[in-house]
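Asker: This is what each chain is made of:
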Amino acid sequence: MNQIKHIIKKELLQVFRDKPRMVIIFLMPLIQLFILGYAITTDIKNIPLVICDMDNSSTTREIIDKFKYSQHFSLKKIDNNYKNIKYYLYSGKAALVIVIPVNFTRNLIRNENPQIQLIVDGQDANSGNVGMGYAINIINFFSSSILIKKLNINPEKSKLVHFIKEETRIWYNPDLLSINYVIPGIVAVMLTMITTLLTGLGIVREKEIGTIEQIIVSPIKPYQFILGKTIPFVILGFIAFFFALGAGKFWFKIPFEGNILILAVFCLIYLLITLGIGIFVSSISYTQQQALFIIWFFSIFTILMSGFLFPIENMPEFLQYFTYLVPLRYFMFIIRSIFLKGSEFQYLIKDGIILILYGISIFGFSSIILRKKIM
Amino acid sequence: MNHRIITIAKKELLHIKRDPYSLTIIIILPVIMVILFGYAITFDVKNVSIGILDRSQSKSSRELVNTFTSTKYFNTRVFLNNEKEIEPLFKKGIIRAAIIIPEKYSSSLKRKPETKIQIIIDGSEPNTANIISNYVKMIVSSYSLKINNFQIKAPIDIRPTVWFNPELKSIIFIVPGLITIILMLISALLTSITIAREKENGTLEQILVSPIKSYEIIIGKVIPYIIIAFIDSIFILVASKFLFSLKIEGNLLLLSVLGLIYIISSLGIGLLISTIAKTQQVAMMMTFISTLLPAIMLSGFMFPIKSMPKILQYITYIIPPKYFLIIIRGIILKGIGIGYLWHQVTILILFGALLILVSLLKFKTRLE
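Chains A and B are the protein sequences, given in the same order.
Take 1 as the starting number for the first sequence in the working numbering and just add one per residue.
Take 376 as the starting number for the second sequence in the working numbering and just add one per residue.
These are calculated hints, taken from the structure and not from any lab test.
By construction, the Cβ of each residue, glycine as well, lies at the ideal position given by its N, Cα and C atoms.
Heads up, a few of these hints could be off.
What the hints assert, rightly or not - Covered by chain B, per the in silico footprint, the following chain A stretches (three or more residues, Cβ under 8 Å):
id: 1; segment: 116-125
id: 2; segment: 264-278
id: 3; segment: 307-320
What the hints assert, rightly or not - Sample of chain B residues lacking proximity to chain A, with all beta carbon distances greater than 10 Å (derived):
id: 4; residue: Phe454
id: 5; residue: Lys479
id: 6; residue: Lys491
id: 7; residue: Asn505
id: 8; residue: Asp532
id: 9; residue: Thr536
id: 10; residue: Glu580
id: 11; residue: Lys681
Said to hold, decoys possible - Listed below are the simulated DSS-like cross-link pairs for lysine-lysine, each with C-alpha atoms no more than 30 Å apart in a straight line:
id: 12; chain 1: B; residue 1: Lys386; chain 2: A; residue 2: Lys150
id: 13; chain 1: B; residue 1: Lys521; chain 2: B; residue 2: Lys485
id: 14; chain 1: B; residue 1: Lys653; chain 2: A; residue 2: Lys77
id: 15; chain 1: B; residue 1: Lys521; chain 2: B; residue 2: Lys588
id: 16; chain 1: B; residue 1: Lys386; chain 2: A; residue 2: Lys165
id: 17; chain 1: B; residue 1: Lys459; chain 2: A; residue 2: Lys207
id: 18; chain 1: A; residue 1: Lys372; chain 2: B; residue 2: Lys392
id: 19; chain 1: A; residue 1: Lys66; chain 2: A; residue 2: Lys45
id: 20; chain 1: A; residue 1: Lys253; chain 2: B; residue 2: Lys392
id: 21; chain 1: B; residue 1: Lys653; chain 2: A; residue 2: Lys45
id: 22; chain 1: B; residue 1: Lys544; chain 2: B; residue 2: Lys616
id: 23; chain 1: A; residue 1: Lys207; chain 2: B; residue 2: Lys386
id: 24; chain 1: A; residue 1: Lys93; chain 2: B; residue 2: Lys544
id: 25; chain 1: A; residue 1: Lys93; chain 2: B; residue 2: Lys709
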C-alpha cells in the first residue's frame, strides 16, 4: 500500500511539475467543453437565402416577409433575374434559392396551382434537407391559410372535408436544443480521451526514456506499479468529469434530472475501461508517437460508433453490430439518460452490467499484457 | 535542388520507414476513416420504433396505424395499453415516439372537419426528434388528402430541386472535409513531433552545430511529409470514388496547386509549435488544441458555421482549414474555377507566409 502511495505521489508530482503539460491537462477539457459545446450544433440557423421574385406583388411580398422573420433563414437578397441564380449558388452566397414565377398571384387567384421552385445547395446533406423542410413548412403554412380562406368562402364544400390534425408534444427537451444533447456527450468523450491518453502516454514515456527499467529492478510489484500509475488519473479524470458536469449544469444550463450518485458510480466503472485501454496501448507501443496514433484511431472509432453525434439506429446493420464492441456506447446511453430523462437505476441496469463486464475484462487483460510485456 | 536538403529529406524518410507501425497507421487511417465516416455519419432517420396507443380500435384507426408503419421511417411498432407505458419505453430507449389515437377517432373523422391525434416524441436527440416530427406532419397531411379523395389540392405547388448533391448523400460533404483534416493532421502534427523528438533526444543540437542552415533543415524535414500528405489525399479520393461513387467535377491540377498552398500554411503551424514545445507530448497536445480541434469543429467540416454563436463565427476567420474547405468543396462538388476562389486563396497564402516567417525567425534565435 505504501509503495502504491509513493508512485501516486511521484506521478502527481510529475504532472504538476510539467507546467505545459499541466496547463494542457486542465485547459484541454475546458476548451473542448466550451468550444465544442457551442460549435457542435445540429440546429440549422441563418441559412443564406436568396429569393428570386419575378412576380413582385403584395402576395409574394407576404411570403418573403415570412422568410425574413424566420430565424432559420437569413435573407441575403431579393432578385428578379432568374439568370443570377447560378452565381448565388456557385459562389456560396446562397444555400437556398426560392423562385417565384411571373403571374404567380394571378394563377393563385384563378386556382391554377402556381409553382414555387426551391433550389437547395445539397453539399451539406443534413442542412440541405432540414433547410428544405423549413422552407416547405413555411410555404405550406401560407398555402393552407389561403386554402382556409377559400373554404370559408365556400361553406358547402368545407362540410365535406375531414382533416386529421396532429398535435405534437416533445418530452425531455421540448425546445429541441441540440446543446442539451451535445454537452453530456462531450463530457463522456472528454473523459474517454483524457484518461486514455494520459495513462497511455505516461507509461510509454517511461519506456522511451528508459526509466521503466529502473522500476522493474526495484522491489515494486507489477500490480503496485499499475495501480500507482492509474489511480492519479482516476482522481484527475474524476475532477475533470465533475467540473465538466458543473459547467454543463450552471454555464450551459442543461437540465440535470437524475441522480448524481448513480452517475458517479457508472463513471468509476467506465474509468476502469478507459484506463485499461490506456494500459493496453502503452504495452504494445514503443514510442509516444505510436501510442498517440493508436489512441487517436481508437478515439475516432469510439466517438463515431458511440452514437455521440450520429444515432446508432440510422447506421447500416453491419455497423450497428460493431457498436456493441464500443464501451462508450453504453456509457453514452447512461449519461444521457441520467442527464435528460432522469432515468432511475432500473432502466440503466442492462447497460450497467455490460459496462462492468467490459471493465473487468479489459482492465484485467491489459494488466496481464503489461506484466508479460515489460515486467 | 539543394543537395543538403535532399540528404535531410532522405534521413527523415528513413526515420519514417524504420517505424512501420506509424507509417501503416498514417496510410491506412485515412481510408478507414472514409469508410467509417461514409457509413456511420448519416443524419437520415429511418427505422424508428414507434409506440401505438389505439383507443379507438376501429377500422379507420387501424388504417391510420398501417399508414405510419408501412413507410420506411417507422417500421417497428409496439402496441400500448395506456399512456403510462410510454415513459419506461422512452427511458429504456425502446421507442422514440408514440401515437395516441383518441377513443372517438372513428366517429369524429366522419362528422367533424378536424380530428386530432396526439404524437409524443422523445426529444433527447433533437435532430432525430425534429426529423421525426417532420415525417409525422408529412404522413398525416398526405393521409388527410387521401381520405378526402384528393378533392382538395394545396394551392401552391412546391417544386424542390437539389444542386451539387441531388441524392443528399452525407459522404459527398464529408470527403473533402476529411482530406482537409488529414492534410492538416499530417502536416502540422507530424512536423511538430519530428522536430520536438530531435529536441527531446538531443540530436537537434548536433544538427544545429553542423554547417546546415536552419531553413535547409526545415525544408528537408517537411518534404517527406508533404509527399505522404499528397499520397493520403489520393487514397481518400480513390476510396470514396469506388466506395461511394463520388464524382469530381472540377480541375484536379488546380486542386493540387491550391492543396500545396494549404499544406504549406499547415506546416507553418507545425513549425511554429515545434519551436515552442520542448517535448513530444507538449507538441502533440498543442497541435491537437490549436489545429486539429478547430479544424474539425470550427472549419465547417460537419457543423455549419452559420449556426454557431457570433463569437465562434469570428474565431473561424483565423482557421485556415475553413478557407481550404471552401476551395476543395467548390472544386470537387461544384466544379468551380479559380475565379470564384481568389479571396480564399489570398488569405491562405498570407497565413502561410506569416507563419513560416515567424517560425523561421524563432528557429534562428535558438541557433544563437
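Asker: If a hint holds in the structure, say so; if it does not, say that too.
Answerer: Here's how the hints hold up against the structure:
Counting residues of the segment 116-125 of chain A whose CB lies closer than 8 Å to any CB of chain B gives 10, which reaches the minimum of 3, so the coverage claim holds. Check result for the segment 264-278 of chain A against chain B: violated, 0 residues qualifying (beta carbon to beta carbon below 8 Å, three or more required). Given as covered by chain B, the segment 307-320 of chain A passes the check, having 8 residues with a CB less than 8 Å from a CB of that chain where 3 are the minimum. In this structure Phe454 (chain B) is separated from chain A by more than 10 Å, as the shortest Cβ-Cβ distance comes to about 19 Å.
Residue placement check: Lys479 (chain B) keeps its beta carbon more than 10 Å from all beta carbons of chain A (closest about 13 Å). The non-interface label for Lys491 (chain B) is inconsistent with chain A: the shortest C-beta to C-beta separation is roughly 5 Å, within 10 Å. A Cβ of chain A approaches the Cβ of Asn505 (chain B) within 10 Å, the least distance being about 6 Å, so the stated non-interface status is violated. The beta carbon of Asp532 (chain B) sits about 5 Å from the closest Cβ of chain A, which is not more than 10 Å, so the claim that it is off the interface is violated.
Interface exclusion of Thr536 (chain B) from chain A breaks down, the closest Cβ pair being 5 Å apart, not more than 10 Å. Separation of Glu580 (chain B) from chain A is adequate, the least Cβ-Cβ distance of about 18 Å exceeding the 10 Å criterion. For Lys681 (chain B), the shortest C-beta to C-beta distance to chain A comes to about 4 Å, within the 10 Å cut-off, and the non-interface label is violated. This hinted pair does not check out: Lys386 (chain B) and Lys150 (chain A) have alpha carbons roughly 81 Å apart, beyond 30 Å.
The hinted pair formed by Lys521 (chain B) and Lys485 (chain B) meets the criterion: a straight-line CA distance of about 14 Å does not exceed 30 Å. Using a Cα cut-off of 30 Å, the hinted pair Lys653 (chain B) and Lys77 (chain A) is violated, with the two alpha carbons roughly 52 Å apart. A threshold of 30 Å between alpha carbons decides the hint, and for Lys521 (chain B) with Lys588 (chain B) the separation of about 79 Å lies outside it, so the pair is violated. Note on Lys386 (chain B) and Lys165 (chain A): the hinted pairing is violated, with a Cα-Cα distance of about 72 Å set against a maximum of 30 Å.
Taking the CA atoms of Lys459 (chain B) and Lys207 (chain A), the gap is near 58 Å; set against the 30 Å cutoff, the hint is violated. A distance of roughly 28 Å separates the Cα atoms of Lys372 (chain A) and Lys392 (chain B); the hinted pair therefore holds under the 30 Å criterion. At most 30 Å may separate the alpha-carbon atoms for a hinted pair to count; Lys66 (chain A) and Lys45 (chain A) meet this at roughly 15 Å. Taking the CA atoms of Lys253 (chain A) and Lys392 (chain B), the gap is near 50 Å; set against the 30 Å cutoff, the hint is violated.
About 43 Å separates the Cα atoms of Lys653 (chain B) and Lys45 (chain A), which puts this hinted pair outside 30 Å; it is violated. Taken as a hint, the Lys544 (chain B) and Lys616 (chain B) pair is honoured in the structure, with Cα atoms around 13 Å apart against an allowance of 30 Å. Pair hint Lys207 (chain A) plus Lys386 (chain B) holds up; C-alpha atoms about 24 Å apart against a cutoff of 30 Å. Straight-line distance between C-alpha atoms of Lys93 (chain A) and Lys544 (chain B) comes to about 22 Å, which keeps the hinted pair within the 30 Å bound.
In summary, the hint linking Lys93 (chain A) to Lys709 (chain B) is supported, as the alpha carbons are separated by about 14 Å, within the 30 Å threshold.
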